[in-house]
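S.K.: Protein sequence lines correspond, in order, to chains A and B.
Counting in the working numbering, the first sequence runs from 1 upward without gaps.
Counting in the working numbering, the second sequence runs from 1 upward without gaps.
These are calculated hints, taken from the structure and not from any lab test.
None of the hints are false.
Straight-line distance between alpha carbons at most 30 Å, and here's what the computed BS3-like set of lysine-lysine pairs gives:
1. A:K143 <-> B:K643
2. B:K357 <-> B:K440
3. B:K541 <-> B:K434
4. B:K541 <-> B:K299
5. B:K299 <-> B:K392
6. B:K299 <-> A:K58
7. B:K633 <-> B:K677
8. A:K58 <-> B:K643
9. B:K380 <-> B:K463
10. B:K380 <-> B:K466
11. B:K357 <-> A:K58
12. B:K575 <-> B:K677
13. B:K431 <-> B:K465
14. B:K677 <-> B:K465
15. A:K58 <-> B:K633
From chain B, some residues computed to sit far from chain A (all C-beta separations above 10 Å):
16. T83
17. L361
18. D386
19. I409
20. E425
21. K467
22. F496
23. A573
24. R591
25. S622
Backbone N, C-alpha and C define an ideal beta-carbon position, used for all residues, glycine too.
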Amino acid sequence: MAVSGQSRIEEQVVVFTLRDQVYGMDIGSVLEIIRMESVTRVPGTPDFIEGIINLRGKVIPVMDLCRRFNMPPSKISDSTRVIIAEAGGVTVGMIVDSVSEVLRIPASSIEPPPAIIAGSSIEALRGIALVDEKMIILLDLGKVLYEEEKRQLEGFGK
Amino acid sequence: MFNDVEMMVFMEELEEKIQSINDNVLLLEKDGGSPEVIQEIFRAAHTIKGSSAVMGFEKMAGLTHEIENLFDRLRQGTMEVNTHLVDVLFEALDNLKMLKDEITGNARDVQVEDVLHKLRAILKTGDGEESAGNGHGAGSGSSPQAGGPDRLDEVIGDMIREAEVRGFQAYWINVDIDSGCQMKNVRAFLVFETLQQIGEIIKSDPPAEDIQEGRYDRGFSLVLITKEDAGQVKNLLMSIAEVNSVDIVQLESGETDGYPGAASEGGRQEEDVGDIGRRAAAAGPEKNAIKTVRVDVQKLDNLMNLVSELVIDRTRLDRFVDIFENKYGSEELVENIVEISNHLGQITTDLQDEIMKARMLPVATVFNRLPRMVRDIAQKLGKEIDFIVEGKETELDRNVIEIIGDPLIHLIRNAIDHGIESPEERLRLGKPRKGRVVLKASYVESHIVITITDDGRGMDVEKIKKKALEKGLVKSDALARMSTREALDLIFMPGFSTAEEVSDVSGRGVGMDIVRNQIEQINGAVEYSSEVGRGTIFQIKLPLTLVIIRALMVGMGDQVYAFPLSNVMETLAIKESDIKFIRHSEVIVVRGSVLPLVRLAGLFQIESRTEDGRLYVVVLGSGNRRVGVVVDKLIGEQEIVIKSLGSYLGQMTGLSGATILGDGRVALIIDAKGIVKDTGKEELAYAN
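This is chain B alone, in the form it adopts within the complex (with noise of 0.2 Å):
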């Protein structure tokens, strides 16, 4: 059997590949499908196909050379995309994925018979249209040993053109072999392997699965695509064993019969910029190959660990710094040092900006799972949607897109399932048939904010009041009293659901309050807005990192304390004159509205030390709440790296972790959200 790291290997490939082909066909649908995606489908099939048998998966191996097959046909033009091709793909998909679950364990006894049949029912009906007659050229029948090239058809005519515009020339080459070849398939592989270590076959003639299985006669043809010169290539097809001779001839694409560009230079220009942005469009990690290294994130961690050490000597030697140049003025010795801690300053800062960033992922890995779902779901629900993606690349910390993923499924399949309106009553409301929802993300300041926008028909106040008082989760007393914005935020009460009937799609009354807590847990913040009539938009505020934050600084006692500033509303100072008692607890009042006050000495039973008299308050917020904490003095905002307490303490009441200042000192970091939900219940619920 194969080891852990191959299998490993092997699954986070068919992963990339499945995504690829899931982009790809969407694309497919949405489009018509340019070469270029249909080439990116082609090859993710041919490469699960070939590691699958490799691996000894015979189904996963039979069902991606359908597809392949499949795509093979439309890539020579001798079929055409419509609607029930793309649905027969995604139904071979999910079978793919079922595969791979099998692999897993995760799924038993996938039987993928039935959509194999369809494929080649297809397959078929392809077949009959080619006889019928099929305008491109480049068919099969045509003989191997033509003197010169085929006339070549406009997918091929249009791969060369891109691949001229990337700087590649493009050959058309004849291969002949030895009559007397024992192993025709060997060498027909030998051949293909040396050439695609160099460039790109986009053709062949007889196809590529006939000659690899050596069903040819005395040679074959192809194009090829490469950035070597026609002599290199001909040297090194030369130096397999059995090649008799080798006719090269370079392919420009102004020689492409048919090509519809090609007659006048002005139209060809146009041409190429649309292929640019078609090939931007299709999601193939082949073409744009970065260089990339897989790493433990646990060895990213160790690393940022060595970092903060380095800050805390760098501070060290600062104060160094600062005594020497007290003992010995500005001698050129002190300079020195000076000029060498600041350097070494700059660079840890670097340094630990550069492992930061390490630890990002675009959020691509989460957003490429989104399309197929919209589509699924408004399928489902009959409901047509278009549905844009924005800001795919930007980067989020990977514990924060690990998260994200659920709760932003969730808020799509609400815009859609409650946002969108029927067809019909879109177009009955003067609104374009098909609903729009976009996705969006973006870095403001030092966080990323991720957009839902629906332009459905907006949240209905009157709705959630109902559903609340029905829930039995507000009284109708309070809800009277309950302003619009009060009132949608309803929606945010654990088991509320607005649903009319339970769907499968959404409303299973674990909605918007699991969201929030989800987005919290991560020190998000999730906003809306929402207009009646117009739709209604959603606004995930994340933090880039979760190992860093920004804190605000206070003292208590000789201690200092951090809280998160994401939970921070606001900081105030008062007098001890300014505490009100509401029964036992101790409350202040601000701009009209009371606040209950936690001493965060009585709550940690340590010493308070404070001067003349004055208080600090730091005002955390965690969803509508508010909570005063009363601290001795406050210090200052600081970022900080968070360190956990470690199993052998676990989890402390009012604690989240430690970071590390710079002198080197332990500073604890305040469960600000836990704080907002212990306290305050009480006294509020007397006040009101």
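In isolation and in its complexed conformation, chain A is listed as follows (with noise of 0.2 Å):
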């Protein structure tokens, strides 16, 4: 995830889909994928924080990856999952509206994100990949963890 796409020559990427939105995240900290089961909701958490979950006897926090992005909230159905990932030393699951594969992608074909867009998801970007007529929005997990908690922290100082 930290190598950037020029040292090597393809990436496998796990593909889901948030919202009809097609995203990616380097199959190398993804460690699991569940399905949706009970979450405890933990008052004074941010918004995007569904909750935590019992994965085999070990509580994981769970966050809505709509949510975090300021999307509606995912709605819960047989294709939600869980995608159980790990960055920074922190286990985190995700969940997510369907995965759909694992795709191995030319690191020829991944762009930086583009300039133009602002806002607050963006920084979470790490690039866009053209695959098949697709467009695959790569996810950075280190920054979808933690970006949010600073801006929010850097909030609370103003």
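Join the two chains into one complex using the hints; note that each chain is given alone, in its own frame.
M.R.: The structure is reproduced here in structure tokens:
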């Protein structure tokens, strides 16, 4: 994830959807993908934190990626999945609308995020890949986890 | 250089041996030292000498060498224990600890010359005494080639008798080494090495050191304690190159001349019992060797997690068993599943218990450090203390053990400094000259209780009141209204300290409030009672473990929350109409006093779903404060495994962790102390 596209010829990416948009996450940071299960809400956490779940005896926080990117909350359906991923030593679950496939993407087809889009979610983007006419938005997991919090903390300071 | 693992093993061994010397020197001071105690110190010093020399810590090797020499003399009975000796030994021990710190980088340029001189000086005076005529036999001048065992001195006699009691044999062995031997030291080393594998060498002639350095004529003699028979010992020794012949004579304790108890059989029995008692007192890890493996705590935690999963799966299996029973009735197959499920349940419970036990350590790891501290403090303050430790073997979770040390030290210091009077004052009061401080650990129900009892002057209410007033901790009108108990509780106020002058023993004003905080941090509680002129008892109540606690489970909306039972004082059922207001805050009146209320629904911004307008209040207590928490319903008590919320969520207000329920769902654990601390201040201030 930390290694930029240039140093590798191709990347393996877990492809998932959020509200009809296609996203990708480096497979190296994905531990497993599970079905949605009962989530315990934790008071006092940011909106995008859905709560905590029990993953085989471990308590793991789960976030709703839709909310994280300021979209309306996910609708829980049969295709809803939780991607369990690790970044910066923490393990978190991310609720996504569906997981479709694992793709090999040539590094050459990855472009940096367009500079023109600004906003809270943009900094969590690592780049955009075009594969077979499909546009896949690649996420930087470390930033998904921490940028928003940092922003909120800075907000408190003001 | 040596790698980390070797270094770690060395440091651990060092720690263990220093502790062993420390414990045994205390015993030495107390009763003049039994042979076992002296033997134990000798051995510990010997081990440190060996390993530190190998590791290249010369100062340490040199120091332990001198200690070893000293104890070799004590062991042989050519020197007596006296106070000066004990003092120097403690000084040497301190130096040893400093040298250890030097290795870990916590100290620099530790000088040991001073204490080395003192140790050598003692050895010299010992020589003088010996030449003046020492009654005990086995002088080093006697011929090693004697045809049979020397007259054995008392110490050796004791050890042989004790060995017999334990089912060992004692042999006198004379080893004859080839006169043309080029490497006498190596041969001797092999002999020692071989014999030490099958038993224990308790005496040698000439002294072990001389033999191992090759300073012997044609052979040497040894006394060996072993379970092997004489033939076997002989075979082993004869297999060593250049050993010409081996003479073995079995020794019986009755043969020892000058042994006082040998005369009558009855007397001998009595002595034996005494010896066993003393042996038990000698704290040496080698003698009662427990077979152990060092395991990373993380591994135990992982095991615990796996067991929790097993528990959850078992619960699920139970549900399926019910389904099958409903569907197919009591068919044989269903019965089988029921049986398997029950058995699995039993095994998981046992497994959980065993892993919990594996995390436990005896409180001895903390308690063993204290006698020395008590001795030093007492000496510094000119007080005489009889320090009694009971229940060392009581086991506690290792996390609790880590935290409990400081509060204990503080309470014991207080007991000696503030509690126990000076010897003169005690005599004047008609008390025994020596003050008594008892430290005791025991199991009480599912808790461990540690009590510190002193027979000193007790807590003086007036003095405490005066002090609190002087320090500006309370106003005089508030003080006047206080009950005795409330006044005594002032000692738990931050910044309170009654020491007349600040000594380096206690009374730095970081006293009892810190003690109480530390104990509460690990879900414990501090209680005390005191009687003027009779003494004070402090009682620390601790959970057996920090991982599993008993909790009161409550329902809020569709979620379950857990309240640590250690903070739950009581539960009440109330009606909405019972709730009164003080300004904007809700309170209820319970048995005449005002109890501030917090609604969990409000605190956590969650939905509340009450039936028939009844509310339940969980009364939480921390220190002296009480707060009622309003919940939807009470579910019941349960043992829960505490899990952290993880670093991503971090510290959440009002929550102290999470736990996994039987059905696999996650429940949040309420931070009772936090809630008590944060609420009710304003209301109480107003109410009062």
